[in-house]
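Student: The numbers in my numbering rise by one with no breaks, and the one at position 5 of the sequence shown is 5.
Quick caveat, the hints were computed from the structure, so don't treat them as lab data. Remember, it's a predicted structure, so these values are computed and weren't measured experimentally. Glycine residues also receive a C-beta, built at the ideal position from the N, C-alpha and C atoms. A hint or two may mislead.
[Said to hold, decoys possible] DEER-style ranges, computed between Cβ atoms: (1) 14 / 47: 35 to 45 Å; (2) 47 / 17: 19 to 29 Å; (3) 48 / 12: 23 to 33 Å; (4) 44 / 19: 28 to 38 Å; (5) 16 / 45: 39 to 49 Å; (6) 41 / 16: 18 to 28 Å; (7) 16 / 46: 35 to 45 Å; (8) 1 / 45: 36 to 46 Å.
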Amino acid sequence: MRPVHAGYIHYTALKDGSVDLADIARMNDWLDINADNKARIRKWEEDQ
Numbered sequence: 001m002r003p004v005h006a007g008y009i010h011y012t013a014l015k016d017g018s019v020d021l022a023d024i025a026r027m028n029d030w031l032d033i034n035a036d037n038k039a040r041i042r043k044w045e046e047d048q
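Starting from the given sequences, assemble the full structure and let the hints guide the process.
Tutor: Written as C-alpha cells, this is what we have:
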C-alpha cells in the first residue's frame with residue numbers, strides 16, 4: 001500500500017495485476033532509500 005499512498009500507482013493497479021510483486025518491492029525499496037536520504041540530510045543540516 002505504500003506505493004499507492006505515495007501516489008506512484010493507483011490501488012486498482014494492485015487489484016488488476018498490472019503491477020507485480022517485483023514492481024511493488026522496487027517501489028518500496030525506493031521509498032525506504034528516499035526516507036533514509038531525507039533523514040540523513042536533516043541530520044546533516046542540524047549538525048551544521
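Student: It remains to establish, for every hint, whether it holds in the given structure.
Tutor: Right, here's what the structure says about each hint:
no.	hint	in the structure
1	14 / 47: 35 to 45 Å	40 Å, holds
2	47 / 17: 19 to 29 Å	46 Å, violated
3	48 / 12: 23 to 33 Å	44 Å, violated
4	44 / 19: 28 to 38 Å	34 Å, holds
5	16 / 45: 39 to 49 Å	42 Å, holds
6	41 / 16: 18 to 28 Å	37 Å, violated
7	16 / 46: 35 to 45 Å	44 Å, holds
8	1 / 45: 36 to 46 Å	30 Å, violated
In this structure, the hints that do not hold are numbers 2, 3, 6, 8, in rising order.
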